[in-house]
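*Asks:* Each chain is listed here by its residues.
There are 2 protein chains.
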Amino acid sequence: MNDSMTTPAVILCRPQLGENIGAAARAMNNFGLTDLRLVAPRDPWPNEKAYAMAVTARPILDEAKLYDTLHDALADLNVVYATTARDRGITKEIITPVEAAKRLRKARPGDKTGLLFGNERAGLENDDVSLADCVITIPTAEFASLNLGQAVLLCCYEYFKAEDDTPRARVEHGPMHRKPTREELFQLFEHLEGELTRSGFLFPPDKVGHMTRAIRATVHRAKLTYQEVQTLRGMIVALAKGKHRVVKD
Amino acid sequence: MNDSMTTPAVILCRPQLGENIGAAARAMNNFGLTDLRLVAPRDPWPNEKAYAMAVTARPILDEAKLYDTLHDALADLNVVYATTARDRGITKEIITPVEAAKRLRKARPGDKTGLLFGNERAGLENDDVSLADCVITIPTAEFASLNLGQAVLLCCYEYFKAEDDTPRARVEHGPMHRKPTREELFQLFEHLEGELTRSGFLFPPDKVGHMTRAIRATVHRAKLTYQEVQTLRGMIVALAKGKHRVVKD
Numbered sequence: 001m002n003d004s005m006t007t008p009a010v011i012l013c014r015p016q017l018g019e020n021i022g023a024a025a026r027a028m029n030n031f032g033l034t035d036l037r038l039v040a041p042r043d044p045w046p047n048e049k050a051y052a053m054a055v056t057a058r059p060i061l062d063e064a065k066l067y068d069t070l071h072d073a074l075a076d077l078n079v080v081y082a083t084t085a086r087d088r089g090i091t092k093e094i095i096t097p098v099e100a101a102k103r104l105r106k107a108r109p110g111d112k113t114g115l116l117f118g119n120e121r122a123g124l125e126n127d128d129v130s131l132a133d134c135v136i137t138i139p140t141a142e143f144a145s146l147n148l149g150q151a152v153l154l155c156c157y158e159y160f161k162a163e164d165d166t167p168r169a170r171v172e173h174g175p176m177h178r179k180p181t182r183e184e185l186f187q188l189f190e191h192l193e194g195e196l197t198r199s200g201f202l203f204p205p206d207k208v209g210h211m212t213r214a215i216r217a218t219v220h221r222a223k224l225t226y227q228e229v230q231t232l233r234g235m236i237v238a239l240a241k242g243k244h245r246v247v248k249d
Numbered sequence: 001m002n003d004s005m006t007t008p009a010v011i012l013c014r015p016q017l018g019e020n021i022g023a024a025a026r027a028m029n030n031f032g033l034t035d036l037r038l039v040a041p042r043d044p045w046p047n048e049k050a051y052a053m054a055v056t057a058r059p060i061l062d063e064a065k066l067y068d069t070l071h072d073a074l075a076d077l078n079v080v081y082a083t084t085a086r087d088r089g090i091t092k093e094i095i096t097p098v099e100a101a102k103r104l105r106k107a108r109p110g111d112k113t114g115l116l117f118g119n120e121r122a123g124l125e126n127d128d129v130s131l132a133d134c135v136i137t138i139p140t141a142e143f144a145s146l147n148l149g150q151a152v153l154l155c156c157y158e159y160f161k162a163e164d165d166t167p168r169a170r171v172e173h174g175p176m177h178r179k180p181t182r183e184e185l186f187q188l189f190e191h192l193e194g195e196l197t198r199s200g201f202l203f204p205p206d207k208v209g210h211m212t213r214a215i216r217a218t219v220h221r222a223k224l225t226y227q228e229v230q231t232l233r234g235m236i237v238a239l240a241k242g243k244h245r246v247v248k249d
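Note that the protein sequences, when read in sequence, are chains A and B. Once you know that position 224 of the first sequence is 224 in UniProt numbering, the rest is easy, because the numbers rise by one and skip nothing. Once you know that position 195 of the second sequence is 195 in UniProt numbering, the rest is easy, because the numbers rise by one and skip nothing.
Please note that the accuracy of each hint is not assured.
No distinction is drawn between identical chains; accordingly, a pair holds when it is met within one copy or between any pair of copies.
[What the hints assert, rightly or not] Taking lysine-lysine pairs in the BS3-like style, the calculated list, with each CA pair at most 25 Å apart, reads:
1) K106 <-> K92
2) K112 <-> K102
3) K102 <-> K92
4) K102 <-> K241
5) K102 <-> K223
6) K112 <-> K65
7) K179 <-> K92
8) K223 <-> K106
9) K223 <-> K92
10) K223 <-> K179
11) K112 <-> K92
12) K65 <-> K49
13) K65 <-> K92
Honestly, the hints are just simulated from the structure, not real lab data.
Bound-form chain A, shown alone (with noise of 0.2 Å):
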């Protein structure tokens, strides 16, 4: 994101529930947008509710604008994507979450964009709609309906991702975690192998080629830490012992 980019502003036309509005200030905020709008709230504002659901994103709810129609929610942004779930009968291009976040992060230096919602029990209307440049519809299962917070969570979700460069998979070593060498390794084959000969687990001598072999498949496959070969010889030993105490007792 470059410096005169601004994130999306997140416009809720007529929304009913105070919780709703407070998730979606939360949604928001997890996700790094901060501009809310509302248009012609139902409940009185501040709303008490709101501020209950939205936990650390009340600055947000502070900042909020409040407009009276969507007109004015909308009048200084460039671009403009409505989210509905219902199909309007007008040509109208029609795209998804991510396919959404990409164009809002395309979007030209300086243009300002928006992310406009309806409310519970209708979502917006086709005048509404009609302000947008195009309509986002969030692929769900057959009859499914989601909640106005479900809805922003996932297309702030959708924003955020698309530059966001957590790796998929990842695995967090901490300092005495590092990866053991190879001889280190060898010591642990070693060890196990000569344990598990003299307690007659290796055995018939033909198959122990095979045996040996995929032990040490598992070994590998499990991509031990240098700490975890430590331990892992700890427990040899200890089961080792406790095998030689069975036998002299």
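Assemble chain B onto chain A, guided by the hints.
*Replies:* The following block gives chain B in isolation, referenced to the frame of chain A:
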């Protein structure tokens, strides 16, 4: 998804608020998951607030299974991913919901899978996490906290999306909304440019070529349907008539 694959179970470990159990059920229902498991919920079960929140997902609550211990809730599963926001200090693989969805979709046929969520106050205990294959962490903005319902929603959404084939962008056309033929488009150009010439808009002559090409580019970019071409021609007729009337008066 092949027939022998079941959708992942959602396991809520010691959840506190009925509202969040209901929100989890609704999120599951929106994205096609059905197997909800509750481990030692704080409030008595069944819970009225959960049902109020679940809306159309009440059957999922009716079928939810109750367990005393996490051990029992996980016993029949082959693959379990634990969601957590905090660093555990233990070397464990951390994956995103996108990666989790991909792996869950690739589970061997017949393997039962599960997504494990901690409670509202503290998430999962380290001992709970130690029963899972690896950890899902949802990428968020700094200082963000997802609530339980939001976390379940995002994981279920990614699971659904991993095999959803909704096109990222599409235009839905009604029966009257076929694309115009080139001939119909050329008639529009001729009609529009004719009226613009008569009205004196296309002037001076040395600019007309460029102006005409710019107008045609705008028309192409709008990707008009046949219906819209007809509407536009009606608008041109009406506007041109008005203009003539003003001139006559």
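*Asks:* For every hint, state whether the structure bears it out.
*Replies:* Going through the hints against the structure:
For a Cα distance limit of 25 Å, the shortest separation of K106 from K92 inside one copy, 20 Å, qualifies, whereas the shortest one across copies, 36 Å, does not. In the homo-oligomer, the alpha carbons of K112 and K102 lie at most 25 Å apart inside one protomer (15 Å), although the nearest pairing across protomers, at 34 Å, exceeds that limit. In this assembly of identical chains, the alpha carbons of K102 and K92 lie at most 25 Å apart only when taken from the same copy (18 Å versus 32 Å across copies). Taking the shortest Cα distances, K102 and K241 never come within 25 Å of each other, neither inside one copy (61 Å) nor across copies (44 Å).
Within a single copy, K102 and K223 get their C-alpha atoms only as close as 36 Å, which misses the 25 Å cut-off; across copies the closest is 21 Å, which meets it. Taking the closest pair of Cα atoms, K112 and K65 come within 25 Å of each other only inside a single copy of the chain (16 Å); across copies the shortest separation is 48 Å, beyond that limit. Proximity of K179 and K92 under a CA criterion of 25 Å is satisfied inter-copy only: 13 Å between copies versus 55 Å inside one chain copy. In the homo-oligomer, the alpha carbons of K223 and K106 lie at most 25 Å apart only across protomers (21 Å), although the nearest pairing inside one protomer, at 40 Å, exceeds that limit.
Taking the closest pair of Cα atoms, K223 and K92 come within 25 Å of each other only across two copies (10 Å); inside a single copy the shortest separation is 52 Å, beyond that limit. For the identical chains of this complex, K223 and K179 are intra-copy neighbours only, at 8 Å inside a copy versus 58 Å across copies, given an alpha-carbon limit of 25 Å. In this assembly of identical chains, K112 and K92 lie within 25 Å of each other by CA distance solely inside one copy; the values are 21 Å within and 41 Å between copies. When the C-alpha separation of K65 and K49 is checked against a cutoff of 25 Å, the pair qualifies only within one copy, where the shortest distance is 17 Å, while the shortest distance between copies is 32 Å.
In this homomeric assembly, K65 and K92 never come within 25 Å of each other (Cα to Cα): the closest approach is 29 Å inside a single copy and 44 Å across copies.
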